[in-house]
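For the record, the sequence lines run as chains L and H.
Heads up, the first sequence is in our numbering, so the first residue is 16 and it goes up one at a time.
Heads up, the second sequence is in our numbering, so the first residue is 16 and it goes up one at a time.
Keep in mind the hints are simulated off the structure, nothing from the lab.
Mixed in with the good hints, there may be bad ones.
If chains are identical, the list can't say which one is meant, so a pair holds when it fits in one copy or spans any two.
[What the hints assert, rightly or not] Calculated lysine to any residue pairs in the SDA-like style (CA-CA distance at most 20 Å, straight line):
#1 Lys187 with Ile175
#2 Lys43 with Ser116
#3 Lys17 with Gln123
#4 Lys43 with Gln119
#5 Lys43 with Gln123
#6 Lys187 with Gly166
#7 Lys43 with Val189
#8 Lys187 with Pro165
#9 Lys52 with Glu191
#10 Lys43 with Gly115
#11 Lys187 with Gly115
#12 Lys187 with Ala82
#13 Lys43 with Ala269
#14 Lys187 with Leu173
#15 Lys187 with Ala174
#16 Lys187 with Pro45
#17 Lys187 with Trp26
#18 Lys52 with Ser116
There are 2 protein chains.
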Amino acid sequence: MKFIERLRLAWMAQQSLLCVGLDPDPAKLPRHLAGAKHPIFAFGRAIVDATADLVCAFKPQIAYYAAARAEDQLEMTIAHIRRHHPTIPVILDAKRGDVGSTAQMYAQEAFERYQADAVTVNPYLGFDSLAPFLEYADKGVIVLCRTSNPGARDLQDLAIGGRTLYQLVAEKAVREWNANANVLLVVGATYPQELGEIRAIVGDMPILVPGVGAQGGDVAAVLANGATADGTGLVISSSRAVLYAGSGGDYAQAARAAALKLRDEINASRKVR
Amino acid sequence: MKFIERLRLAWMAQQSLLCVGLDPDPAKLPRHLAGAKHPIFAFGRAIVDATADLVCAFKPQIAYYAAARAEDQLEMTIAHIRRHHPTIPVILDAKRGDVGSTAQMYAQEAFERYQADAVTVNPYLGFDSLAPFLEYADKGVIVLCRTSNPGARDLQDLAIGGRTLYQLVAEKAVREWNANANVLLVVGATYPQELGEIRAIVGDMPILVPGVGAQGGDVAAVLANGATADGTGLVISSSRAVLYAGSGGDYAQAARAAALKLRDEINASRKVR
């Protein structure tokens with residue numbers, strides 16, 4: 016099944032547009048996990064199991080595992096999701112981008128080694144840097160468009176013949192890069208107006224929206240500007256606000272409570288037009 | 016010592032602008048290494064030891080190690096260079112780019128876990144995505160500007176108020192991002208004219224130039240357009256043309272011969288103005 020179909024099924028079956036991002040910062044893990052053999056995996060597994068019925072996707076961020084020399088625990092985390100929550104797609108947040116021969120290796124890393132269902136990629140190197148990912152027709156390729164950070168404006172907002180660079184990336188994504196119908200975009204929740212502009216360009220293409228929660232994005236504005244006519248089209252990702260909702264022995268329950276609140280807040284803002 | 020000083024010392028002491036890129040594709044390794052416990056490390060070590068007196072830097076490409084589940088062999092390779100060839104800087108080619116909190120983790124991966132002297136980064140997310148790298152003042156931060164691949168033109172050549180996006184990245188690199196004097200740029204050898212434009216913008220800032228060899232970049236044109244007045248300023252990287260010059264038991268000698276030829280070809284084109 017193609018990634019976008021899997022995602023649509025998850026939206027429907029779970030009645031949720033929420034994605035929980037797994038950014039396991041070793042400095043923030045609950046203290047009682049310190050003695051565990053695989054503390055990052057133990058943390059991720061507990062978060063996953065506590066929130067799986069509330070989400071449409073999980074999004075592990077590879078940098079946190081790589082900094083901690085814990086690629087094995089990333090493998091274990093994704094394998095756990097695939098075995099115990101097989102209907103929930105896994106987005107590997109890696110933001111890869113390189114020339115073709117190297118991009119091929121990164122695609123292998125994401126889709127074969129880690130068995131991710133989708134991966135985030137950076138468009139700065141152009142089409143041939145995306146092609147090795149796009150050729151995995153059943154996998155999702157989620158292209159950075161307008162990111163959630165303040166510096167996003169440095170390049171992405173530059174004006175090119177009356178349009179911005181991020182609008183042009185959205186146009187290329189929908190018109191030139193989507194032959195396998197497996198492209199999605201990343202647009203930060205912190206920029207709802209830009210999200211609306213991009214939605215107008217890309218039709219029903221799903222959009223991954225990080226930046227609610229710790230980064231301050233407004234849920235109602237995200238839904239109003241980014242949802243498709245059927246009230247879906249968005250994968251709204253929260254990491255820190257869910258992961259670190261609690262820090263004691265009840266951290267998983269605290270994460271569940273935070274995820275439940277956010278899912279409900281999102282659903283309350285969904286309007287099927 | 017700051018990275019750029021280390022690089023200048025290597026240019027002088029080695030009388031070389033050549034960088035050997037370590038892109039160890041498991042499918043191309045010499046067959047007799049197949050039984051080794053750490054074949055990718057054994058290959059990289061042999062290449063490093065055979066070429067260390069000919070180069071100003073080594074540039075391992077992390078994607079090849081990650082695809083092969085061989086981060087440990089990347090650690091071993093860099094540790095080997097640092098121990099046995101301590102004057103040769105190590106550039107980790109990773110092309111990272113993410114929001115600040117995640118970029119912090121990627122900086123930790125490159126500089127603390129792998130102990131690289133410099134890392135390549137992608138500018139699409141803007142200044143705050145680069146800042147966590149730039150704060151390591153003694154490390155080099157090598158920003159993608161005009162890459163060597165055909166798709167580079169898709170975004171990097173777009174016209175913004177009479178300039179191109181890559182020119183604007185070069186301007187930001189030299190004027191806004193270089194407070195710690197640790198920024199370098201990546202410009203592909205396959206685009207010597209663009210290299211000349213960028214050199215005019217950035218003064219003496221060192222430029223990493225991949226794309227000679229297998230990608231077809233012309234050495235004389237690279238030197239004519241990219242060198243600084245003292246005949247340096249460039250880190251000219253070749254990977255496949257050196258690594259896979261031979262495939263039998265003499266692969267390291269074949270790599271040395273290819274590196275020697277390329278170093279001499281570069282030196283023959285250097286003109287101190």
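Comparing the hints with the structure gives:
When the C-alpha separation of lysine 187 and isoleucine 175 is checked against a cutoff of 20 Å, the pair qualifies both within a copy, at 14 Å, and between copies, at 17 Å. Taking the shortest Cα distances, lysine 43 and serine 116 sit within 20 Å of each other only across copies (13 Å), while inside one copy they are farther apart (37 Å). For the identical chains of this complex, lysine 17 and glutamine 123 are intra-copy neighbours only, at 18 Å inside a copy versus 35 Å across copies, given an alpha-carbon limit of 20 Å. Taking the shortest Cα distances, lysine 43 and glutamine 119 sit within 20 Å of each other only across copies (15 Å), while inside one copy they are farther apart (34 Å).
In this assembly of identical chains, the alpha carbons of lysine 43 and glutamine 123 lie at most 20 Å apart only when taken from different copies (16 Å versus 31 Å within one copy). In this assembly of identical chains, lysine 187 and glycine 166 lie within 20 Å of each other by CA distance solely across copies; the values are 12 Å between and 22 Å within a copy. Taking CA atoms no more than 20 Å apart as the test, lysine 43 paired with valine 189 passes in neither setting, with 39 Å inside one copy and 36 Å between copies. Taking the shortest alpha-carbon separations for lysine 187 and proline 165, only the inter-copy value of 16 Å comes in at or below 20 Å, while the best intra-copy value is 24 Å.
Neither within a single protomer nor between protomers do lysine 52 and glutamate 191 lie at most 20 Å apart by alpha-carbon distance, with minima of 47 Å and 44 Å respectively. Proximity of lysine 43 to glycine 115 under the C-alpha cut-off of 20 Å is restricted to the inter-copy arrangement: shortest distance 17 Å between copies versus 37 Å within a copy. For the homomeric pair lysine 187 and glycine 115, the shortest alpha-carbon distance inside one copy (18 Å) is at most 20 Å, but the shortest distance between copies (27 Å) is not. Proximity of lysine 187 and alanine 82 under a CA criterion of 20 Å is satisfied in neither setting, with 33 Å inside one chain copy and 28 Å between copies.
Taking the closest pair of Cα atoms, lysine 43 and alanine 269 come within 20 Å of each other only inside a single copy of the chain (14 Å); across copies the shortest separation is 50 Å, beyond that limit. Both within a single protomer and between protomers do lysine 187 and leucine 173 lie at most 20 Å apart by alpha-carbon distance, with minima of 16 Å and 13 Å respectively. Taking CA atoms no more than 20 Å apart as the test, lysine 187 paired with alanine 174 passes in both settings, with 16 Å inside one copy and 16 Å between copies. When the C-alpha separation of lysine 187 and proline 45 is checked against a cutoff of 20 Å, the pair qualifies neither within a copy, at 43 Å, nor between copies, at 41 Å.
With identical chains, the CA atoms of lysine 187 and tryptophan 26 are never at most 20 Å apart, being 26 Å at best within one copy and 42 Å at best between copies. Taking the shortest Cα distances, lysine 52 and serine 116 never come within 20 Å of each other, neither inside one copy (36 Å) nor across copies (26 Å).
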